[in-house]
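Q: Here are the chains, one letter per residue:
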Amino acid sequence: MSKSDVVVIGNGFAGLMSALVSADQGKKVTLLSYGAGTFPLNSGVIDVLGYDDSGKAVANPAQAVSAVADEHPYKKIGTQALEESVKFFQDVVAAEGFPYVGSLNEQQWLVTGVGTLKPSCLVPESMQGSKCFEASEIVLVGIKGLKDYYVDMVAENLAKELGNDKKYTVVTVDPHYQGARDLTTKDVAAWMDTEAGYADFVSQVKGNAGAGKVILVPQILGLKGNVVYKKIVAELGCPVVETTAMPPSVNGLRLRDVLLSALKKKGITVIENAKAEEAVIEGSKAVAIKAGGEVRLQTYNADKFIVATGGFYSGGITMRDFGEAKEVVFGLPVECDCVEERWVNKQLFSDKKQTFAKTGVRVDATLRGVNESGNVVLENVYVAGRNLSGYDFCFEHSGNGVALASAYKAAKA
Amino acid sequence: MELEERARDSADNCIACTSCVAVCPVTKANPDYRGPKLVGPAHNRMHFSDESDYEDSLKLCSNCKNCDITCPNGVSVATLNMLERAKYYKAHPEKHTQADQMLSHNFQMADMLKSIPFGRTCANIGMSIGEAMGMMGAMGIAPQRKSPRFATKYFREMYKEIKQPEGLTKEVLFFPGCFIDVNDPEVGVAFVKVMNANGYKVLMDDRFKCCGSPLVVGGYLDEARSHADNNVAIINEYAAKNIPVIACCTSCSLMLKAEYTELFAQEEMAQAAKNVYDAFEFLTILAEKGELKKVHVSSDKKFIYHAPCHLRAQGMGMPAVDLLKEIGVNIDSADAGCCGMSGSYGFHKENYETSMKIGSELFDKINASGAHKVVCDCGTCREQIKHGTNAKTTHPIQVLAKAYEQ
Numbered sequence: 001m002s003k004s005d006v007v008v009i010g011n012g013f014a015g016l017m018s019a020l021v022s023a024d025q026g027k028k029v030t031l032l033s034y035g036a037g038t039f040p041l042n043s044g045v046i047d048v049l050g051y052d053d054s055g056k057a058v059a060n061p062a063q064a065v066s067a068v069a070d071e072h073p074y075k076k077i078g079t080q081a082l083e084e085s086v087k088f089f090q091d092v093v094a095a096e097g098f099p100y101v102g103s104l105n106e107q108q109w110l111v112t113g114v115g116t117l118k119p120s121c122l123v124p125e126s127m128q129g130s131k132c133f134e135a136s137e138i139v140l141v142g143i144k145g146l147k148d149y150y151v152d153m154v155a156e157n158l159a160k161e162l163g164n165d166k167k168y169t170v171v172t173v174d175p176h177y178q179g180a181r182d183l184t185t186k187d188v189a190a191w192m193d194t195e196a197g198y199a200d201f202v203s204q205v206k207g208n209a210g211a212g213k214v215i216l217v218p219q220i221l222g223l224k225g226n227v228v229y230k231k232i233v234a235e236l237g238c239p240v241v242e243t244t245a246m247p248p249s250v251n252g253l254r255l256r257d258v259l260l261s262a263l264k265k266k267g268i269t270v271i272e273n274a275k276a277e278e279a280v281i282e283g284s285k286a287v288a289i290k291a292g293g294e295v296r297l298q299t300y301n302a303d304k305f306i307v308a309t310g311g312f313y314s315g316g317i318t319m320r321d322f323g324e325a326k327e328v329v330f331g332l333p334v335e336c337d338c339v340e341e342r343w344v345n346k347q348l349f350s351d352k353k354q355t356f357a358k359t360g361v362r363v364d365a366t367l368r369g370v371n372e373s374g375n376v377v378l379e380n381v382y383v384a385g386r387n388l389s390g391y392d393f394c395f396e397h398s399g400n401g402v403a404l405a406s407a408y409k410a411a412k413a
Numbered sequence: 001m002e003l004e005e006r007a008r009d010s011a012d013n014c015i016a017c018t019s020c021v022a023v024c025p026v027t028k029a030n031p032d033y034r035g036p037k038l039v040g041p042a043h044n045r046m047h048f049s050d051e052s053d054y055e056d057s058l059k060l061c062s063n064c065k066n067c068d069i070t071c072p073n074g075v076s077v078a079t080l081n082m083l084e085r086a087k088y089y090k091a092h093p094e095k096h097t098q099a100d101q102m103l104s105h106n107f108q109m110a111d112m113l114k115s116i117p118f119g120r121t122c123a124n125i126g127m128s129i130g131e132a133m134g135m136m137g138a139m140g141i142a143p144q145r146k147s148p149r150f151a152t153k154y155f156r157e158m159y160k161e162i163k164q165p166e167g168l169t170k171e172v173l174f175f176p177g178c179f180i181d182v183n184d185p186e187v188g189v190a191f192v193k194v195m196n197a198n199g200y201k202v203l204m205d206d207r208f209k210c211c212g213s214p215l216v217v218g219g220y221l222d223e224a225r226s227h228a229d230n231n232v233a234i235i236n237e238y239a240a241k242n243i244p245v246i247a248c249c250t251s252c253s254l255m256l257k258a259e260y261t262e263l264f265a266q267e268e269m270a271q272a273a274k275n276v277y278d279a280f281e282f283l284t285i286l287a288e289k290g291e292l293k294k295v296h297v298s299s300d301k302k303f304i305y306h307a308p309c310h311l312r313a314q315g316m317g318m319p320a321v322d323l324l325k326e327i328g329v330n331i332d333s334a335d336a337g338c339c340g341m342s343g344s345y346g347f348h349k350e351n352y353e354t355s356m357k358i359g360s361e362l363f364d365k366i367n368a369s370g371a372h373k374v375v376c377d378c379g380t381c382r383e384q385i386k387h388g389t390n391a392k393t394t395h396p397i398q399v400l401a402k403a404y405e406q
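Protein chains in written order, with the UniProt record's numbering: chain E, 1 to 413; chain H, 1 to 406.
Because the hints were derived from the structure by calculation, they are not lab data.
If you're wondering where the values come from, they're calculated on a predicted model, not measured in any experiment.
A virtual CB, placed ideally from N, CA and C, is assigned to each residue, including glycine.
Some hints could be false.
[Stated by the list, open to error] No farther apart than 30 angstroms at their CA atoms in a straight line, the calculated lysine-lysine pairs in the DSS-like style are these:
id, chain 1, residue 1, chain 2, residue 2
1, H, K392, E, K265
2, E, K265, H, K373
3, E, K231, H, K365
4, E, K206, E, K131
5, E, K264, H, K90
6, E, K264, H, K163
7, E, K230, H, K357
8, H, K357, E, K144
[To be verified] Quick look at which bits of chain H chain E covers, simulated, 3 or more residues with Cβ under 8 angstroms:
id, region
9, 55-68
10, 383-391
Make a model of the complete structure from these sequences and hints.
A: See the structure below:
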């Protein structure tokens, strides 16, 4: 394998964005992937900051980000890089024909798969829940046989959120599904990608469409970008909104496909199923990563490395013995508040962050790992995404926002 | 020596995230398949002691390994599936169909035909008649397909007639695999040319048996084990003489490098794996050491590459594409996922529709590419591509051998 300028380790949103930004800088990039990242699991929306430290909803993400605690990755990334990264992302997806709407100055609202509302910052056109606010009638579409989508519960919860002065109508579409297993949103989306499936769906919903209404559907509007969305909005003559969903997430998969297409156009080499096993270090620099299958490792030389392997969940950070948290590829310094009494907040859905969730690599403002005295450990190794310490993305709804902004900053450095 | 049963133990690493379900080509094409997560790691905990324990869609997995490639937690999903399938057939051997028997044991047929005068010609005529008369369907073979014909000379015979240059000091042992040996021996000839040009003499060892991949998929795990033991002993014999073993078929190399150890957990298998290389993996290592013969191609003929899933699972990228690009070949990867064939899978009558649905994205890309030929390391992928498109196909080693000739 010839030498690259940049090797990115990690195949999630932070990894793909690190690779794209690096390639945009004219760099030769190799991306090492192991597993599919979290794309099939999240809704492929970019939450920047949904809730502040006290659990209060954030109205203006840009303002709230500038007020985060010193330990938070956003503090190190800075608002300028965040703003630039948002623009970069929106340009990339728009160029791929899959535009995202939103800005750092306001929240978008998503309707979740259980009918509640959730703030996010950048969302695809098909998921603009705010379109429900003005409507006089919400037509909620359920799908016969669809797993984990209870349309009556969605209607009930949404009425609590949006008020009873609107009309809520439930329509159940029959996809004439013959298979032996449970139906997922991905199956229905694939059905919608066929001409016959699309026509069948439209014929079952059309009678309920009309001015002043919004059609609310689970995440089923096709697997390919916004093709089905554009077609169906034009055909039904009123807004159509997708909810968030249980895995496998259709929109997460759409976003991954779109980003992989952008990677290919940039000439980025993606090595699949290659687990980064060993770093080759010379002095204060990394010179290569050894990665590969069970039998033999390939050596990937580069001038610069970006670690985007994720946290505990993705295996980028491990802790075999309590207090012994490790970053698995380079052994970068990990910081955590490893005190048993504080480690877990037993009330999962309370107004407090989880201490364990904040475990990650201690970095400085350049996003390089630093030791306890604040000195950079490896001068050409940068960290992006959930590897970073100091935030609970689940609590504050900042996962893809931190991933995007840190990827951008790490790649630009 | 027994090793830890990594594949079986890996089921405990499954967090049921459904990433494998999201990418599984069979799940996408066939609504009867319950998906890798449920059939592999989840059902692994069941015992198929009687018929009522049988998971109906167990037989639908094609062992293409896309679940393994996608799994963030290193679960050997496909192998768990194969182990369960084997357990079921061990308890219910009567459930094996005639097609299972035939498609898993093509190597027996090939050996038998070789021993009969004009056996292969007659078999090929027989296949043509059988296909024309619609008899394949009755045997459980997809009647829409043309079965690969037996070469009138197998590679093992052609090899004996090849005059390799005198004085080559370095040696490699070739593992031809069934498809190259009996159906497509020109790939083997091209391999010998390329290795000779790089200063290597190519050895053959007639004691090698089929790698066992079709046996595993067919649920004949004990037979596969005996093939594995046989092949592993030979590979280790050559390892002791520092002679590497090279395969041009990526399903064979995956079997020898990874699946033996995953399935059977034996120390000597893990040991043998270290001495096995895919052809382009080996050539890339030579290139990195500056030992690969230099050549430059100045033709602008356009090629499109299909990466076999069993290569993608090996975690080393696409060495054939990188190397061919490096010497100036105009080649681009189709990046269109699984072709749907998965060795013998697509030849089963009941899998035909699924197989063709899976391949449709690849077929469309190939048809739209305007490429002169499709390049692919896997023989049965090439069969599927020829069936699903009108494209001509070739193995990358043949492209390289041709470049050396110019």
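Q: Decide, hint by hint, whether the structure agrees.
A: Hints and how they fare:
1. K392(H) to K265(E): holds (26 angstroms)
2. K265(E) to K373(H): Given pair K265(E), K373(H) holds - Cα atoms ~22 angstroms apart, limit 30 angstroms.
3. K231(E) to K365(H): holds (24 angstroms)
4. K206(E) to K131(E): Roughly 18 angstroms separates the two Cα atoms, so the pair holds.
5. K264(E) to K90(H): violated (46 angstroms)
6. K264(E) to K163(H): Roughly 43 angstroms between the alpha carbons, so the hint for K264(E) and K163(H) is violated.
7. K230(E) to K357(H): Answer holds: K230(E) to K357(H) is near 26 angstroms, not above 30 angstroms.
8. K357(H) to K144(E): With a Cα-Cα distance of about 24 angstroms, the restraint between K357(H) and K144(E) holds, given a limit of 30 angstroms.
9. 55-68: Check passed, 3 qualifying residues.
10. 383-391: That given contact is violated, which follows from only 0 residues of the region 383-391 of chain H lying within Cβ reach (below 8 angstroms) of chain E.
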